[in-house]
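Q: Next come the chains, spelled out residue by residue.
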Amino acid sequence: GAVVSQHPSRVICKSGTSVKIECRSLDFQATTMFWYRQFPKKSLMLMATSNEGSKATYEQGVEKDKFLINHASLTLSTLTVTSAHPEDSSFYICSARKYLETQYFGPGTRLLVL
Amino acid sequence: DAKTTQPPSMDCAEGRAANLPCNHSTISGNEYVYWYRQIHSQGPQYIIHGLKNNETNEMASLIITEDRKSSTLILPHATLRDTAVYYCIVRVAGNFGNEKLTFGTGTRLTIIP
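If you read the sequences in order, they're chains Z and X. With the working numbering applied, the first sequence corresponds to residues 1378 to 1491, in that order. With the working numbering applied, the second sequence corresponds to residues 12 to 124, in that order.
Some hints could be false.
Here are the computed lysine-lysine pairs in the DSSO-like style, where the Cα-Cα straight-line distance is at most 27 Å [said to hold, decoys possible]:
1) K80(X) - K1419(Z)
2) K1391(Z) - K1419(Z)
3) K14(X) - K80(X)
4) K1475(Z) - K111(X)
5) K1419(Z) - K111(X)
6) K1432(Z) - K1418(Z)
7) K1475(Z) - K14(X)
8) K1443(Z) - K80(X)
9) K111(X) - K1397(Z)
10) K63(X) - K1418(Z)
11) K14(X) - K1419(Z)
12) K1443(Z) - K1419(Z)
13) K1475(Z) - K63(X)
14) K1397(Z) - K1475(Z)
15) K111(X) - K1441(Z)
16) K1418(Z) - K111(X)
17) K111(X) - K1432(Z)
18) K80(X) - K63(X)
19) K111(X) - K14(X)
Beta-carbon label-pair distances, calculated as ranges [said to hold, decoys possible]:
20) K1397(Z) - H51(X): 18 to 28 Å
21) L91(X) - P1484(Z): 15 to 25 Å
22) L91(X) - K1391(Z): 37 to 47 Å
23) R27(X) - E1464(Z): 35 to 45 Å
24) N65(X) - K1391(Z): 44 to 54 Å
25) K63(X) - K1397(Z): 35 to 45 Å
26) T90(X) - T1434(Z): 33 to 43 Å
27) N65(X) - S1460(Z): 26 to 36 Å
28) P18(X) - K1391(Z): 40 to 50 Å
29) K1443(Z) - R27(X): 41 to 51 Å
30) L91(X) - S1431(Z): 21 to 31 Å
31) K14(X) - I1389(Z): 31 to 41 Å
For the record, the hints were derived by calculation from the structure and aren't laboratory data. We put the beta carbon where it would ideally sit given N, CA and C, even for glycine.
Please construct the entire structure, taking both the sequences and the accompanying hints into account.
A: Given below as structure tokens:
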């Protein structure tokens, strides 16, 4: 299957700072990338969908000004958690897919906000 | 997308076949059945998908009933590394490329040595 990477794998930051997470499709060009969040012992919740060169579409209840998504190229999407607070601590996972094909997931980024 | 129902947990002996059921009684004719699994603290891993015919790949087999209202994922010779949460997801394909995957609670499969 296709390979999707995320960086960093783990990040600890202070409350009020911003954190950027990168998602890359390593061996294919992704027309669409998705960002998910997962709290402990819970299932994945979709946050937003982004197409290369377009604005992201956010799920209901997800603040677009707090979770900034940029999909500047067919192999890179970034999620920036702005002014992070302890309640934003979670496991953030991206996925990527070519048009009409299967979604492949990254390994996830564990964010801890102190 | 159609909802799915899976048992919350299952055990399987190492070396035996693991059969994971999924009910999707409200599935539409243009919805595929996808299976992913998530090993602890990792991103989900794609396993297999199908529309109406049975499918097999190097990881697993997918058996879809004739009425498409349920399916079974089969791991033919389960190993300890197959311990994970398995998600059955149905989704429409061909919808301009923005098809979302909606994750339920899945089945926590534990392989017993």
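Q: Hint by hint, note whether the structure agrees.
A: Status of each hint after checking the structure:
A C-alpha spacing of about 26 Å is found between K80(X) and K1419(Z), which places the hinted pair at or below 27 Å, so the restraint holds. For the suggested pair K1391(Z) and K1419(Z), the alpha carbons sit about 25 Å apart, so the restraint of at most 27 Å is met. Taking the CA atoms of K14(X) and K80(X), the gap is about 11 Å. The hint holds against a cut of 27 Å. About 13 Å separates the Cα atoms of K1475(Z) and K111(X), which keeps this hinted pair within 27 Å; it holds.
As the CA atoms of K1419(Z) and K111(X) are separated by approximately 18 Å, the hinted pair is consistent with the 27 Å bound. Simply put, K1432(Z) and K1418(Z) have alpha-carbon atoms about 31 Å apart, too far for the 27 Å limit, and the pair is violated. For the hint pairing K1475(Z) with K14(X), the CA-to-CA distance comes to about 25 Å; that is within 27 Å, so the pair holds. At roughly 40 Å between alpha-carbon atoms, K1443(Z) and K80(X) are farther apart than 27 Å, so this suggested pair is violated.
The straight-line distance between the Cα atoms of K111(X) and K1397(Z) is roughly 23 Å, inside the 27 Å bound, and the hint therefore holds. For the hint pairing K63(X) with K1418(Z), the CA-to-CA distance comes to about 32 Å; that exceeds 27 Å, so the pair is violated. Of the supplied pair hints, the one linking K14(X) and K1419(Z) holds, its CA atoms being roughly 17 Å apart against a limit of 27 Å. Among the hinted pairs, K1443(Z) with K1419(Z) is consistent with the structure: their alpha-carbon atoms are about 22 Å apart, no more than 27 Å.
The hinted pair formed by K1475(Z) and K63(X) meets the criterion: a straight-line CA distance of about 23 Å does not exceed 27 Å. Of the supplied pair hints, the one linking K1397(Z) and K1475(Z) holds, its CA atoms being roughly 24 Å apart against a limit of 27 Å. The suggested pairing of K111(X) with K1441(Z) holds, with an alpha-carbon distance near 18 Å, which does not exceed 27 Å. Taking the CA atoms of K1418(Z) and K111(X), the gap is near 22 Å; set against the 27 Å cutoff, the hint holds.
For the suggested pair K111(X) and K1432(Z), the alpha carbons sit about 16 Å apart, so the restraint of at most 27 Å is met. Only pairs whose Cα atoms come within 27 Å are accepted, and K80(X) paired with K63(X) is accepted, the gap being roughly 10 Å. Taking the CA atoms of K111(X) and K14(X), the gap is about 13 Å. The hint holds against a cut of 27 Å. Between K1397(Z) and H51(X) the Cβ separation comes to about 26 Å, which falls inside the hinted range of 18 to 28 Å.
Checking the proposed 15 to 25 Å range against L91(X) and P1484(Z) shows it holds: the Cβ atoms sit about 20 Å from each other. Against the hinted window of 37 to 47 Å, the Cβ-Cβ separation of L91(X) and K1391(Z) comes to about 39 Å, which satisfies the hint. At roughly 43 Å, the beta-carbon separation of R27(X) and E1464(Z) lies within the given 35 to 45 Å, and the hint holds. Separated by about 53 Å at the C-beta atoms, N65(X) and K1391(Z) satisfy the suggested range of 44 to 54 Å.
Hint check: K63(X) to K1397(Z), Cβ distance near 43 Å, so the stated range 35 to 45 Å holds. Look at T90(X) against T1434(Z): about 39 Å separates their beta carbons, and that is inside 33 to 43 Å. For N65(X) and S1460(Z), the hinted distance range of 26 to 36 Å is not satisfied, since their beta carbons lie about 50 Å from each other. Checked against the given bound of 40 to 50 Å, the beta carbons of P18(X) and K1391(Z), roughly 42 Å apart, stay inside it.
Distance hint check for K1443(Z) and R27(X): the Cβ-Cβ separation is about 47 Å, which falls inside the suggested range of 41 to 51 Å. About 43 Å separates the C-beta atoms of L91(X) and S1431(Z), a value inconsistent with the hinted range of 21 to 31 Å. Distance hint for K14(X) and I1389(Z): a CB-CB separation of about 37 Å, consistent with the stated range 31 to 41 Å.
Hint compliance for this structure: hints 6, 8, 10, 27, 30 are broken, all remaining hints hold.
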